[in-house]
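Chains as they are written, first to last, in this note's numbering: chain A, 1 to 455; chain B, 1001 to 1455.
Keep in mind the hints are simulated off the structure, nothing from the lab. Being a predicted model, the structure only gives us computed values, none of them experimental. Using N, Cα and C, we set each Cβ at its ideal position, and we do this for glycine too. A few of these clues could be false.
Partner residues aside, some chain A positions facing chain B, computed with beta carbon under 10 Å [as the list claims (entries may be wrong)]: (1) Leu-232; (2) Gln-234; (3) Ser-236; (4) Gly-294; (5) Gln-296; (6) Phe-314; (7) Pro-338; (8) Gly-339; (9) Asp-356.
There are 2 protein chains.
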Amino acid sequence: MKQEKLKFVLRGTLIHAPAVGVVEILENALVAVDNRGQISAVTSPGSPDYAALEQAATQAGKLERLAPQEYLLPGLVDTHVHAPQWPQLGKALDRPLDEWLQQYTFPLEARYADAEFAERIYQHLVHTLIANGTTTALYYATIHLESSVRLAEICLEQGQRALVGKVAMDNPDQCPEYYRDASAGQALEDTERFLEQVPDMPGNADGLVRPVITPRFIPACTDELLRGLGELAQRSGCHVQTHCSEGDWEHGYVLERHGKTDTCSLDDFGLLTARTVLAHCDFINESDMGIIKGAQTGISHCPLSNLYFANAVFPARQALDRGLQVGLGTDIAGGANPGILHNCQMAVTASRAREDGVNPDLPPATRGTPGTRIDFREAFWMATAGGGEALGLKVGKFVKDYAFDAIVVDTQAPDSNLIVREDLDEGDDILQKIIYNADRSNIKRVWVQGKLIKS
Amino acid sequence: MKQEKLKFVLRGTLIHAPAVGVVEILENALVAVDNRGQISAVTSPGSPDYAALEQAATQAGKLERLAPQEYLLPGLVDTHVHAPQWPQLGKALDRPLDEWLQQYTFPLEARYADAEFAERIYQHLVHTLIANGTTTALYYATIHLESSVRLAEICLEQGQRALVGKVAMDNPDQCPEYYRDASAGQALEDTERFLEQVPDMPGNADGLVRPVITPRFIPACTDELLRGLGELAQRSGCHVQTHCSEGDWEHGYVLERHGKTDTCSLDDFGLLTARTVLAHCDFINESDMGIIKGAQTGISHCPLSNLYFANAVFPARQALDRGLQVGLGTDIAGGANPGILHNCQMAVTASRAREDGVNPDLPPATRGTPGTRIDFREAFWMATAGGGEALGLKVGKFVKDYAFDAIVVDTQAPDSNLIVREDLDEGDDILQKIIYNADRSNIKRVWVQGKLIKS
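So that you can see chain A by itself, here it is in the shape it has in the complex (with noise of 0.2 Å):
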């Protein structure tokens, strides 16, 4: 098989978690990517292939060099997206779930039926995520299959790495008329033709945009609708996303009906593969997480959303102890910030109060959980490589035959908050104070599968 062609070649710092809690940051360094958008080296000064490959660029014209206060890093990976909800961020976050559900999002969610609304919102969303740094997302689209083929062929067109899915939903008892799927069989169909649609759409020969099988979450789906999905996901080899052990009723509600947690269900119905991405995951048990890891399913943590609809914070620390493979996500609208930066810190802080717990009247003894807290390195590699380990994806690292999804921190860009000392800051201070006080006009530029789609 012959070489692929080089396409360029970066120079500068870059920085990236090559481990669960690892970070590596190598100074002047040599990225090459190739034609296919993949890595295809990366070196250090003093390695032996540093200067040939820096010379071999020089003389092609596509030697690219940072300035000393850029760092590139990974694209940052977004596990949990509910695209419709995108007018919603950051309102009605003062409801009860059950009304910011059924009062607010519901009827939202039921206009993407209107294909002329579903462009514009989904446009901006789209130009939004990748102007804060998202390089790939999993998004959950709305019942609506015109709409939903629409967010997927609006991703591609902006050159963003994603994986949509139809939402499936027909339980009647939970969904309201005016918004579910009219039978499990409809559903199924539905999904069986966004399956078909999305890896043809003009431009996805390799699959930059894919599907994924989207029961919205147990309490909405009909067992039938459940069954169908699962053997769907099965026979397809197809992603899955749902919602697993979220809060206090819906995880009630699960025992209740089914006898049994979130995650034995959903492996009873064939939904648990090592192509499925479960959301939020904040009341799985022991059992449930070796059920999960033996899987290789992937978990999305929303530390956000987790603080304000989810009763508890996702044990973190305990399932990246384990071995799981967990990403990052905004969880957008119920999470309120749509950039995966500020979910690292939300992580981080969220896992503080686990550790220390939040209640002053309480002795500290009993306050709370020792030994929970991450810190800024485990979240970065939740929003990078360990996103991408969760959906299968070979993105979130500087690595041979990745592919080359990145973005560039300027840490002097105007109109920042960011403040980055060369005389006082270094080595991996670098990245927490990025992950703290970067924002969208800190994220100069941003490549998918190596073509740039910000600059």
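Fit chain B to the given chain A structure using the hints.
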């Protein structure tokens, strides 16, 4: 006494919190500002004086109209900033408090003996806070007289309303030799000089910038110093700031050393006045609350640093319900974000963690503390009028005779994550969205005392 002359009149939509938990939105309102920078009138269409004021302002060429997507909010009040820690924003948050203080913070603060270093950092800090909409800030400087005065001058030059304290800390048991006042006497003398110099700064006749008596916290001060500063507070009538019952260690230290809580101890030293602001107060008890209320002392709630260095979350709901004067503080750099709007959402988020709890292994009934949440309305109160009340300043709402300290939030700023749509959002939804997603790019204009300082 003659009527002050009209400086300008703004017409547009105003949003403010005239009382705890109450958001008032005045569409097409007029705010008249006089030559002293005070609000001379606030009126809405339909009021008898509206047409006359509009006509008078138009004829005088003094009517300015906000665009439909612009909202006028009170300027934001930050009641707790460690100015010298600015370069440390977002750094070392993964370190234990002791290491954070001894290895990072104290060595950094010691550098402000260097006036040139102080100059660069303080200019950048004050500029950044203004850019984020902070019109009033209560600052800790360092132990150094010269650079502390310089901070006060910089605030005045940049036009920010500020209260600045030269830090007093003389206890050899708790403060490193390289960074403490030489003696209680020296600290008192320097504080007195600071109290004389700040009011006398050229251009400060109206008291835009004021000096603050600033014992760092009880552990850092000898009783001799605390006694002297208390006498100075009583004699001078100046503002006072210190930390109070922030975390387990500090709270326990004071119980051990003085046999009483921080609140009682500070009160006994004469440091609890109507012009005192106590940072944190996480571990104050019912009796402490009564003492603080009786003294009309303010509290600075710092939600972000609560979750990193305080071992618990301040009981904001309880304090507001008891009628205490509570403002918000960024606690830079124990809190890693310079924006008070961001700290509004963190105040809500932290209170949600308190109400629901965070540990999924506990049953719902014992996981959290019912009735402890606040929502964005209370957070916004604390960020504006509550902060003003805590400081004893007439700022933070649009009321006649209050200072015109205000910001314009542009909800359609390019490169913003804020999504406000006329057809979907109305009323205080818009405020909630602003709190959750406006950043400095949305803060288009900033006035302090009627003077435009960002545009």
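Results for each hint:
1. Restraint check, A/Leu-232 versus chain B: the minimum CB separation of about 31 Å is more than 10 Å; hint violated.
2. Evaluation of the A/Gln-234 hint against chain B yields a violated restraint, the C-beta minimum of about 30 Å exceeding 10 Å.
3. Given the 10 Å rule on beta carbons, the hint for A/Ser-236 is violated: about 33 Å separates it from the nearest Cβ of chain B.
4. At a threshold of 10 Å, the smallest CB-CB gap from A/Gly-294 to chain B is about 21 Å, leaving the interface hint violated.
5. A hinted interface residue such as A/Gln-296 counts as satisfied when its beta carbon comes closer than 10 Å to some beta carbon of chain B; here the least separation is about 23 Å, so the hint is violated.
6. Here the hint on A/Phe-314 is kept, as its CB sits about 8 Å from the closest CB of chain B, short of 10 Å.
7. With its C-beta approaching chain B no nearer than about 5 Å, A/Pro-338 sits inside the 10 Å limit, and its interface hint holds.
8. Annotation: interface hint on A/Gly-339 holds; nearest CB of chain B at approximately 7 Å, less than 10 Å.
9. Given the 10 Å rule on beta carbons, the hint for A/Asp-356 holds: about 5 Å separates it from the nearest Cβ of chain B.
Checked against the numbered hints given earlier, the structure breaks hints 1, 2, 3, 4 and 5 and satisfies all the rest.
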